[in-house]
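Q: Chain A is already provided as a structure; the job is to place chain B on it using the hints.
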Amino acid sequence: MSVSLPHALSVWWRNASMYRRTWKANILPNFFEPVFYLAAIGIGVGAYIQEMGGTSYVRFLAPGLICVAAMNGASFEVTYNVFVRLTWEKTYDAMLTAPIEPDDVLLGEVLWALTRAGIYGGAFFIVVAAFGYAPLPRALLALPAIPLAGLLFASLGIAFSLRVTKIDFLSFYFTLFLTPLFLFSDVFFPIKERLSGPWLVVAEVLPLLHPVRAARAAFNGTLGWQTLWDVVYVLVVSAALLALARRTIRRRLTA
Amino acid sequence: MQPAGESVIRARGVTKRFGARVAVRDLDLDVPAGVCFGLLGPNGAGKTTALRMIYGVTRPTAGTIEVFGIDVANDPRAVRARLGVTLQENVQIEALSPRDNLRIFARHHLLPRSRREARVEELLDFLELRSHADVPVVALSGGYRRRLAIAMSLIHDPELLVLDEPTTGLDPAVRLALWARVRELRARGRSVLLTTHYMDEAERLCDRVLILCEGRAICEGAPRALIAERLAREALEIDATPAEEAHLLAGEPWQRLRSGGRLVVYGDSVAPLVARLRAQDGGDGRPVIVRPTNLEDLFLAATGTSLEGGA
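Chains A and B, in that order, give the protein sequences. The letter at position 33 of the first sequence is residue 33 when you use the working numbering, and the numbering goes up by one with no holes. Here the working numbering = 1-based position in the second sequence + 1000.
Next up, chain A with everything else stripped away, as it sits in the complex:
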């Protein structure tokens, strides 16, 4: 059973067709959340903070929030939408009456999550640049962090949601995992200045730190070996999670 890109793209296309009708309603929560953080915390709280990580607070926030926007763009798609399609709507059962295999469904959904991550991360980048918080042109090197964050969180989200049996568990993913991650991954404060030894190890294992650190390195012009390690982390962890997701989706769709 190998994957077929054209069939995966038909799965992608289905999502795109549905999104075209509802994008205005969709864009509000996922997009404006980081914008509000940037404004309220970056500018509001930032007025009380002299500097952080060598720049103003709002400039410190910018690269992290771009990754958070990409993370949000991917996450909702691969959790709630996949769960509902799999469990209630039987969308994938209907697709499998065509020459589509579970691997195509997985690839199509991940590609769509990546697209959403790109839209939200990209839109946020434009906002950040428009307000002058992105030192161009070197900040453009942060753009690859968007698909990297998207891939990582698409893989994480789908590996998780394919395994849950009750929709309630999905809210745990957001409240018990993504939210703490968001707070402790170098987005709001430099973790190496505030966390002690063992906690730094924990933070290194957690996913969001890596795209954030890579984006920040691009903004600061300090790309280096650590950035390479961050990229490798994303690719290796995503591959492992997708392999797990693939086993799960094959089991659930083709008993």
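Worth flagging that the hints you see were computed from the coordinates, not collected in a lab. No residue lacks a Cβ here, since even glycine has one placed at the ideal position from N, Cα and C. It is possible that some hints are incorrect.
Have a look at the derived ranges for each label pair, beta carbon to beta carbon [unchecked claim]:
#1 TRP13/A <-> ARG1188/B: 28 to 36 Å
#2 ALA255/A <-> GLY1260/B: 31 to 39 Å
#3 TYR19/A <-> GLU1089/B: 19 to 27 Å
#4 ALA16/A <-> ARG1012/B: 42 to 50 Å
Over the 12 Å line for every Cβ pair with chain B, so calculated as not near, a few chain A residues [unchecked claim]:
#5 MET52
#6 TRP199
#7 LEU206
A: Chain B in isolation, oriented as in the chain A frame:
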């Protein structure tokens, strides 16, 4: 297109176990090309499991299935490219219209644009959806949604259409219209495999039927021939307790079947029995139904209750 006389589906010794439960047991199946073939049985008989194995989304625990001469286990994509399946539930994008749903589903079959558009228009006519072609599915009745579901299964003009309980929950007018569409497909040389628990649907639509009960094939053949093999031509239905039955039919060698409080008696001509019952029941005016023997009777005979009296 499969040449007439060849089997579109050939299954041998197919068994499917889910843990300890055996859903399908040692099933042999031969569906010839160009016919309407019915899989009948109550809920839980294994019909949907059998269908899923035929189009390759469920792997048999044992046995082989060939569709269009292709081993389903080896190349399910090739099989699905040539058949269409209408699932029990209507799976559609509710916010979009039938036309858009058809277009999106056509892409799953990788149909090129011109063929896609042509097929969409053909199917809107064939399933009589044109009047509602651009109405969001959420606003459509069950009958229209079912037609759309069937249209979606036909988007790539498959040689074989598989229908899982096609008319369950639909009103009589829509049922008749769908039956007409199935007959037309068959007239155009397509094969149809359907599952149903409606005996009248099986009898009116299917050229051949296979009765499944608890995963096992009970009997297979043309409906009227199957009935004639086991039961006499006419049936008389009457509500009677076993005690009443013993009194009313004492000494009569008629074939009988009991289903709860209902007794059915079979004979080539039951008119004499009606007269006898009227004489016996002492002016009770007990309601009596005289009708042709049907697949319902065959099913009860084969699975539910034992045959009493003469064979």
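Q: Each hint should be assessed against the structure and marked as holding or not.
A: How the hints compare with the structure:
Between TRP13/A and ARG1188/B the CB atoms are about 30 Å apart, so this pair conforms to the stated range of 28 to 36 Å. Roughly 36 Å separates the CB atoms of ALA255/A and GLY1260/B, a value that falls within the hinted 31 to 39 Å. The supplied range of 19 to 27 Å is met by TYR19/A and GLU1089/B, whose beta-carbon atoms lie about 24 Å from each other. In this structure the hint that ALA16/A and ARG1012/B lie 42 to 50 Å apart at CB holds, the actual value being about 43 Å.
Distance to chain B confirms MET52/A as a non-interface residue, since its nearest Cβ pair spans about 45 Å, more than 12 Å. Look at TRP199/A: its CB is around 45 Å from the nearest CB on chain B, clear of 12 Å, so calling it non-interface holds up. Its beta-carbon lying about 37 Å from the closest one in chain B, LEU206/A satisfies the requirement of being farther than 12 Å from that chain.
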